[in-house]
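With chain A fixed as given, assemble chain B with the ligands onto it according to the hints.
As given, the protein sequences belong to chains A and B, one line each in that order. Take 137 as the starting number for the first sequence in my numbering and just add one per residue. Take 8 as the starting number for the second sequence in my numbering and just add one per residue.
Just so you know, the hints here were simulated from the structure itself, not pulled from any lab data. Watch out, some of these pointers could steer you wrong.
Claimed, not checked - Ranges of calculated distance between the beta carbons of each label pair, as one might list FRET restraints:
#  : chain 1 : residue 1 : chain 2 : residue 2 : range
1  : B       : E236      : A       : T374      : 35 to 45 Å
2  : B       : D35       : A       : D281      : 37 to 47 Å
3  : A       : D281      : B       : E218      : 39 to 49 Å
4  : B       : D35       : A       : D390      : 36 to 46 Å
5  : A       : E178      : B       : A146      : 15 to 25 Å
6  : B       : G175      : A       : D281      : 55 to 65 Å
7  : B       : D232      : A       : T374      : 22 to 32 Å
8  : A       : G417      : B       : E326      : 54 to 64 Å
9  : A       : G161      : B       : D417      : 35 to 45 Å
10 : B       : G439      : A       : E178      : 35 to 45 Å
11 : B       : S42       : A       : E410      : 44 to 54 Å
What the hints assert, rightly or not - Computed cross-link-like contacts, DSS-like style, restricted to lysine-lysine with a CA-CA straight-line distance of at most 25 Å:
#  : chain 1 : residue 1 : chain 2 : residue 2
12 : B       : K13       : B       : K70
13 : B       : K154      : B       : K16
14 : B       : K70       : B       : K57
15 : A       : K335      : A       : K414
16 : A       : K143      : A       : K167
17 : A       : K256      : A       : K307
18 : B       : K154      : A       : K165
19 : A       : K375      : B       : K292
20 : B       : K290      : A       : K396
21 : B       : K290      : B       : K317
22 : B       : K277      : A       : K414
23 : B       : K277      : A       : K406
24 : A       : K406      : B       : K292
25 : A       : K347      : A       : K256
26 : A       : K406      : B       : K16
27 : B       : K360      : A       : K335
28 : A       : K339      : B       : K360
Don't be surprised by glycine CBs; every beta carbon is placed ideally from N, CA and C.
Residue strings, one per chain:
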Amino acid sequence: MNRIVAKEEFSRNPGVKMMQIEAPGIARKAKGGQFVVFRLDETGERVPLTVADTDPEKGLVTIIFQEVGKSTMALGALEVGDCLADFIGPLGRPTHMDDYGTVLCVAGGIGIAPTHNIAKALKAHGNRIITVMGARTKELLFWEDKMRALSDEIYVCTDDGSYGIHGLVTKVEQELLEKNRESGEIGLVIGIGPPIMMKFVCKTSEPFGVKTLVSLPTIMVDATGMCGACRVTVGGETKFVCVDGPEFDGHQVDFDEMMKRQAIYLEQEKVARELYEKEAGCCGECGGDRQ
Amino acid sequence: MSEINKANKLPRHPMPEQDPKVRARNFDEVPFGYSEETAMAEAGRCLRCKKPKCVEGCPVNVKIPEFVGLIADGDFLAAAHKLKETNALPAVCGRVCPQESQCESRCVLGKKGEPVAIGRLERFAADYERAQAKMELPAIAPSTGRKVVVIGAGPAGLTVAGDLIKLGHQVTIYEALHKSGGVLVYGIPEFRLPKAIVQAEVDYLKALGVEIVESYVVGQIETVDELLERYDACFIGTGAGLPVFMGIEGENLNGVYSANEYLTRSNLMKAYRFPEYDTPIVKGKRVATFGGGNVAMDASRTALRLGAEKSYIVYRRSEAEMPARNEEIHHAKEEGVELVLLASPLRLLGNEKGWLTGVECIRMELGEPDDSGRRRPVPIEGSEFVLEIDTAVVAIGNGPNPLVPSTTPDLKTNRWGNIDASLETGATSMTGVFAGGDIVTGAATVIEAMGAGKKAAAAIHRYLEEN
Ligand SMILES: Cc1cc2nc3c(=O)[nH]c(=O)nc-3n(C[C@H](O)[C@H](O)[C@H](O)COP(=O)(O)OP(=O)(O)OC[C@H]3O[C@@H](n4cnc5c(N)ncnc54)[C@H](O)[C@@H]3O)c2cc1C
Ligand SMILES: Cc1cc2nc3c(=O)[nH]c(=O)nc-3n(C[C@H](O)[C@H](O)[C@H](O)COP(=O)(O)OP(=O)(O)OC[C@H]3O[C@@H](n4cnc5c(N)ncnc54)[C@H](O)[C@@H]3O)c2cc1C
Ligand code: SF4
Ligand code: SF4
Ligand code: FES
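In isolation and in its complexed conformation, chain A is listed as follows (with noise of 0.2 Å):
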């Protein structure tokens, strides 16, 4: 159970991968927006991960992610055969299906890895898709193929143009909402990747008041909701991201609380790095991978 059996490096610095886990029950289950909790071994902590794609037939879940702190590090570090002590899904409540029409999804950076699967459903729902896909560098983009197949339209861009538009992707969006003005053809916008991006995503969407749905990756322990660690402030009141979440009306997420909130271990999450690089014996420079 748990095992891996497929591993990719999209960027080595920093280090982005993809792993294909075998679980065949949340396999089954998961529904885009959904995600995963995972425990190394016994030491270890639960972080959450998205659900980035699924393969019910073989059982088999795919995560993406960064590789920022100890446990993400030491999770790129396992290799195609080893197995996590736990993996625990699918959680969160899907994205809500509708007919909206088009849905723009702007997504930034390891944001590409929840939005393909949620984009992937509305579209089999019958939904137009336009994507937004963008990151820092080239080296940061992954997956482009995949949500090309299932876009309707994409536009690709980088910060410091090494490839595709040169520009933020809340660029690129602010253009689409204007030119949808007089179609209003999109319904939903949903936006994914780093605090901050969403931030300004939403603040790009609101004036144009199109819904525009994110994803909140705040600090998690049990994520079924028994703790409240995850908890945020939306529209005034506070919700629980494990079970009322992930996803939220973005025009009403308090994301300064949230940033300040997610900032809570620093200090920690610092030292369990450093100590985490010395015994893996690494500079850390490579982005925690051992070769």
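Relative to the frame of chain A, chain B with the ligands by itself:
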């Protein structure tokens, strides 16, 4: 001199404990337990009443005079087996039962003096058996071929599983967390209930043949209705795991925890051993816990052990009204926890980075009794004061976990979200679906959850025989 007075001449035997100053900085268990000699002497105080009142005070009717008598005779293993006839988790209950309001409150010796230390003796016998590595497996009835699914591996679920497996049914437990035990593993701290004891009880059930599947969140991966396609009956024991917040300003500041989160990080995830264990926790220097129950005591004592210089309990009534066990309040105070009584938090204060810096409270006075019979606290106007703190733990209660009810449309719940179930049988609005423990009653006690489990197991057995 009456027998009672004679027995009371010998005072109740205290249980040796770690020195408060030392133990306030470690996570080792506080009491050491009775020696064989002390256990026999304490057991000797029991009158072995013909109509033992103590048994009526125990929610699972442990055969108290019998097991205590066996200890007095020095037959400790037999005492443990006697206990297990009615109580599957004596090592746990001996430690965490509120004996002073249950079995011991009814002991006849208590009328004129001090009751027999039933809990301590229960703990002694169970520990003795475990130390001997002489866990005896009971006889198991021939297989009935019927399959029962239990949701949640807390005291209620574990009890149901233990009873039904012995009756020959096939039992599978699904547990959401990666470890079984419910509150016993995630909530109650190591220094009150060593996790090795809980693990031993879980291993015992596995040895009996119970299948336990952890990391399986029912309602998410499979619903109750789907489970019923594969199982003949279902027991829901998912507990009261929904943290209640106070709804005051500043509750989402960094450094503010629900008791569930604080205790789960420390106990289940072993954050007190960070960075050996990966899960971090804020090790505050000045910690305030809001609430007055066992959970508040556990949190404030955990704060000390995590290195707090000041650990306050802020409670809106007086010490006499605190719902926590006397023993726990006593332990907490001994270790240096300071009670800030008749005070209620108004708002939490923070800095520009989003970190907690203090709490503004208001003094209270006790007015007329309310519905619960306790005197209602009333704020004293103009008495606001600020307590400087860097960590806060909210321990004002837990609600029922909604994951299962919200995904089971035919399951009736009351207006607080608790499952509607018979207190006698655990029967719910759905045929073949039973429920018990905190998910039905709201947050209660370990032994009450086990009592509910026992009744439900008997009812499930009858149901399976009839259907
Ligand atoms: C619903 C959800 C879906 C997610 N999906 C993905 C995904 O598909 N791919 C991906 O790369 N990341 C995803 N994340 C974020 C991922 O969980 C964190 O990057 C990971 O926990 C970092 O762990 P670490 O030990 O490697 O780093 P740490 O050193 O622990 O932390 C580094 C950063 O990650 C954040 N973080 C730490 N612990 C958690 C936690 N338990 N939950 C969330 N964030 C945390 C911190 O704010 C910090 O900024 C998701 C988070 C959530 C809540
Ligand atoms: C900090 C604390 C201290 C306490 N101290 C004492 C004490 O000293 N003495 C005492 O008698 N009582 C004490 N209690 C109360 C006592 O622990 C509870 O009353 C008792 O544990 C209830 O048992 P239960 O089986 O109903 O539920 P729980 O122990 O809550 O177990 C429920 C289990 O179900 C699991 N679950 C929930 N949802 C799902 C799902 N969807 N799928 C699968 N599994 C699920 C949970 O993860 C959990 O493991 C304390 C409680 C707390 C929180
Ligand atoms: S189970 Fe609890 S209430 Fe019953 S006899 Fe033992 S300690 Fe007392
Ligand atoms: S414990 Fe107390 S009430 Fe129970 S049998 Fe002994 S003396 Fe009687
Ligand atoms: S992670 Fe514990 S409630 Fe959401």
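Evaluated hints:
1. B:E236 <-> A:T374: 35 to 45 Å: holds, 37 Å
2. B:D35 <-> A:D281: 37 to 47 Å: Violated: the Cβ-Cβ distance is about 57 Å, outside 37 to 47 Å.
3. A:D281 <-> B:E218: 39 to 49 Å: 43 Å Cβ-Cβ, so the 39 to 49 Å window holds.
4. B:D35 <-> A:D390: 36 to 46 Å: holds, 42 Å
5. A:E178 <-> B:A146: 15 to 25 Å: violated, 35 Å
6. B:G175 <-> A:D281: 55 to 65 Å: holds, 56 Å
7. B:D232 <-> A:T374: 22 to 32 Å: holds, 31 Å
8. A:G417 <-> B:E326: 54 to 64 Å: holds, 55 Å
9. A:G161 <-> B:D417: 35 to 45 Å: violated, 23 Å
10. B:G439 <-> A:E178: 35 to 45 Å: holds, 37 Å
11. B:S42 <-> A:E410: 44 to 54 Å: holds, 47 Å
12. B:K13 <-> B:K70: The hint holds at about 23 Å.
13. B:K154 <-> B:K16: violated, 54 Å
14. B:K70 <-> B:K57: Judged against 25 Å, a Cα distance of about 12 Å means the pair holds.
15. A:K335 <-> A:K414: violated, 36 Å
16. A:K143 <-> A:K167: Answer holds: A:K143 to A:K167 is near 22 Å, not above 25 Å.
17. A:K256 <-> A:K307: At roughly 24 Å apart (the allowed maximum being 25 Å), A:K307 and A:K256 satisfy the hint.
18. B:K154 <-> A:K165: Given that 25 Å is the threshold and the Cα spacing comes to 23 Å, the pair holds.
19. A:K375 <-> B:K292: violated, 28 Å
20. B:K290 <-> A:K396: With a Cα-Cα distance of about 18 Å, the restraint between B:K290 and A:K396 holds, given a limit of 25 Å.
21. B:K290 <-> B:K317: holds, 12 Å
22. B:K277 <-> A:K414: Distance of about 22 Å is within 25 Å: holds.
23. B:K277 <-> A:K406: holds, 18 Å
24. A:K406 <-> B:K292: holds, 20 Å
25. A:K347 <-> A:K256: Holds. A:K347 to A:K256 sits at ~19 Å (cutoff 25 Å).
26. A:K406 <-> B:K16: Judged against 25 Å, a Cα distance of about 61 Å means the pair is violated.
27. B:K360 <-> A:K335: holds, 18 Å
28. A:K339 <-> B:K360: Within the cut-off at roughly 22 Å; holds.
When held up to the earlier numbered hints, the structure conflicts with 2, 5, 9, 13, 15, 19, 26 and fits the remainder.
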